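Given these sequences and hints, build the entire structure.
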Amino acid sequence: MGLRRKSRELALQFLFSHDFQERSCAPDDVARDLDMFCQLFDVSQKALPYGRELILGICRHREEIDALLATHSHNWRVERMSLVDRNILRIAVFEMRHCDQAPAQVAINEALEIAKRYSIGESVSFINGILDAIQASLAT
Numbered sequence: 000m001g002l003r004r005k006s007r008e009l010a011l012q013f014l015f016s017h018d019f020q021e022r023s024c025a026p027d028d029v030a031r032d033l034d035m036f037c038q039l040f041d042v043s044q045k046a047l048p049y050g051r052e053l054i055l056g057i058c059r060h061r062e063e064i065d066a067l068l069a070t071h072s073h074n075w076r077v078e079r080m081s082l083v084d085r086n087i088l089r090i091a092v093f094e095m096r097h098c099d100q101a102p103a104q105v106a107i108n109e110a111l112e113i114a115k116r117y118s119i120g121e122s123v124s125f126i127n128g129i130l131d132a133i134q135a136s137l138a139t
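If you use numbering that gives the first Met the number 0, the sequence shown corresponds to residues 0 to 139, in order.
It is possible that some hints are incorrect.
Unchecked claim - Derived lysine-lysine pairs resembling DSS-like cross-links, with alpha carbons at most 27 Å apart: (1) Lys45 / Lys5; (2) Lys115 / Lys45; (3) Lys115 / Lys5.
Said to hold, decoys possible - Using C-beta positions, here's what the derived DEER-type ranges look like: (4) Met35 / Thr139: 40 to 46 Å; (5) Asp27 / Asn74: 35 to 41 Å; (6) Asp27 / Glu78: 22 to 28 Å.
Rather than coming from a laboratory, the hints here were simulated on the basis of the structure. Just so you know, these numbers come straight off a predicted model, no measurement behind them. Positions of the beta carbon are idealized from the N, C-alpha and C atoms, including for glycine.
Set out below in C-alpha cells:
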C-alpha cells in the first residue's frame, strides 16, 4: 500500500472518530485531537504529514465540501450518509478541489479503493456516482 493511501486511511479513521464523537472542527481543537489520536494508535509517521494536511484542510473547508456533496447526492442528506461514506467523500472532494498533487481521477479511484476496504458493497457505486458528478461540475 502506498504512502498516500496510508495517509488517506489515517484521515478517514481520524475523521470517522471525530464525527462519531461530535468533536469541534476548530483548528486548535483538531490539532490537539489529532496529536492525541496519534498517541493512542499506531500512526505511521511517514503517513502523518499528508494525513494532517487532509484532516486540517477538510475541517477548514467542511461547509464548502458538504455543500458540494449535498448538491450532488440526490435524495440523500449529507448528515444521513454513513460516517464512513461521508468522510471518504470529504477526503476525495477536498483533494479534487484543494490538492494540486492529486488529479481528480486519482482522488476518485483512491476513494473507491478505500470504500471497498472500509464500507459496504453498495457504497462503492454510491460514492462513485457522487464523485463523478462533482468532477463533471468542477470541470465546467
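Evaluated hints:
1. Restraint check for Lys45 and Lys5: the C-alpha separation of about 9 Å stays at or below 27 Å, so the hint holds.
2. A C-alpha spacing of about 23 Å is found between Lys115 and Lys45, which places the hinted pair at or below 27 Å, so the restraint holds.
3. Taken as a hint, the Lys115 and Lys5 pair is honoured in the structure, with Cα atoms around 15 Å apart against an allowance of 27 Å.
4. Range check, Met35 to Thr139: about 42 Å between beta-carbon atoms, so the 40 to 46 Å window is met.
5. Asp27 and Asn74 have their C-beta atoms about 37 Å apart, which keeps the hinted 35 to 41 Å range intact.
6. Checking the proposed 22 to 28 Å range against Asp27 and Glu78 shows it holds: the Cβ atoms sit about 25 Å from each other.
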